[in-house]
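As you go down the protein sequences, you meet chains A and B in turn. Residue 56 in my numbering is what sits at position 56 of the first sequence, and the numbering runs on without skipping anything. If you want my numbering, it's the 1-based position in the second sequence plus 1000.
Source of the hints: derived by calculation from the structure; they are not laboratory data. All values derive from a computational prediction rather than experimental measurement. Cβ atoms here follow ideal geometry from the backbone N, Cα and C, with glycine treated the same way. Errors might be hidden in some of the hints.
[Stated by the list, open to error] Covered stretches of chain A, as calculated for chain B (at least 3 residues, CB under 8 Å): (1) 36 to 42; (2) 105 to 111.
[What the hints assert, rightly or not] Under the rule of at most 30 Å between Cα atoms (straight-line distance), these lysine-lysine pairs were calculated in the DSS-like manner: (3) A:70 <-> B:1100; (4) A:14 <-> A:57; (5) B:1100 <-> B:1069; (6) A:57 <-> B:1049; (7) A:70 <-> A:57; (8) B:1108 <-> A:9; (9) A:71 <-> A:9; (10) B:1100 <-> A:57; (11) A:71 <-> B:1049; (12) A:9 <-> B:1049; (13) A:71 <-> B:1100; (14) B:1068 <-> B:1058; (15) A:9 <-> B:1100.
[Claimed, not checked] From the derived model, a few chain A residues whose C-beta atoms are all more than 10 Å from chain B: (16) 16; (17) 18; (18) 22; (19) 28; (20) 62; (21) 63; (22) 68; (23) 70; (24) 73.
Single-letter residue listing:
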Amino acid sequence: NAGVTQTPKFRVLKTGQSMTLLCAQDMNHEYMYWYRQDPGMGLRLIHYSVGEGTTAKGEVPDGYNVSRLKKQNFLLGLESAAPSQTSVYFCASKDRGVTDTQYFGPGTRLTVL
Amino acid sequence: AQSVTQLGSHVSVSEGALVLLRCNYSSSVPPYLFWYVQYPNQGLQLLLKYTTGATLVKGINGFEAEFKKSETSFHLTKPSAHMSDAAEYFCAVSSGGYQKVTFGTGTKLQVIP
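Excised from the complex, chain A in its bound form:
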């Protein structure tokens, strides 16, 4: 099993450009999450999904959109990138059990100039 994979690993954007980050998991997990990690702030939840076709907002959703058209994929979109979105983005997935563990991808380092 590959676990949770993320593409791309690195990206540099100019302000106003758009992009999509792809997260894929091969563990048949129901729940998927997008976090951003900034120095001194830990991980903050952007959006999450509790199943195929469903998405919901997390703590810091502004400026991002997501889609979960297939159970194994969770896409994070930036329609008009801003320097404040420079961050490391992590995707995670977990199964439905209350005590199940979140599994994380390796991250995408995004710089917005």
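Keeping the supplied structure of chain A fixed, place chain B upon it in accordance with the hints.
Frame of chain A, contents of chain B only:
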């Protein structure tokens, strides 16, 4: 609402010394508690978790943590630090529902030879 406080953003220990990383939580329901480790340029990896039952939880790489309800704490310890333990450690809490996980701001552990 749930929250996590990690005391000390940076901790330095000598190789072979005791490692103690502090975590206090707040939760309105019985919590599930986690410690994750992040090595440079990698995603988060689960070290250990507390769900129910025994309050002393053993994890990977010789780490353990004790759930103390009266102190709302879940401190991480390791008897003898190794150079390979140098990483950032995150405490996290979950209270059920869609199992939203709230992360602390992280503690960077430096191990001095």
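Do the alpha carbons of residue 71 of chain A and residue 1100 of chain B lie within 30 Å of each other, as the hint requires? holds, 19 Å
Between residue 9 of chain A and residue 1049 of chain B, does the CA-CA distance stay at or below 30 Å? holds, 28 Å
Does the alpha-carbon distance linking residue 71 of chain A and residue 1049 of chain B stay inside the 30 Å limit? Judged against 30 Å, a Cα distance of about 26 Å means the pair holds.
Given the proposed pairing of residue 71 of chain A with residue 9 of chain A, does the C-alpha separation stay at or below 30 Å? holds, 22 Å
Take the C-alpha atoms of residue 9 of chain A and residue 1100 of chain B, compute the straight-line distance between them, and say whether it is at most 30 Å. Given pair residue 9 of chain A, residue 1100 of chain B holds - Cα atoms ~25 Å apart, limit 30 Å.
Within a Cα-Cα threshold of 30 Å, do residue 1100 of chain B and residue 57 of chain A meet the stated pairing? holds, 11 Å
Taking C-beta pairs only, is residue 18 of chain A more than 10 Å away from all of chain B? holds, 25 Å
Agreement of residue 70 of chain A and residue 1100 of chain B with the hint, judged by alpha carbon distance not exceeding 30 Å: Holds: residue 70 of chain A and residue 1100 of chain B sit about 21 Å apart, inside 30 Å.
Proposed proximity, residue 57 of chain A with residue 70 of chain A (alpha carbon, max 30 Å): It holds: about 18 Å lies between the C-alpha atoms, which stays within 30 Å.
Would the hint linking residue 1100 of chain B and residue 1069 of chain B be met if the CA-CA limit is 30 Å? Cα-Cα ~20 Å, so holds.
Please check whether the beta-carbon of residue 16 of chain A is more than 10 Å away from every beta-carbon in chain B. Consistent with the label, residue 16 of chain A stays out of reach of chain B, its closest Cβ about 28 Å off (over 10 Å).
Mind checking the alpha carbons of residue 14 of chain A and residue 57 of chain A for me, to see if they're no more than 30 Å apart? Holds: residue 14 of chain A and residue 57 of chain A sit about 25 Å apart, inside 30 Å.
Every hint from the earlier list agrees with this structure, and none is contradicted.
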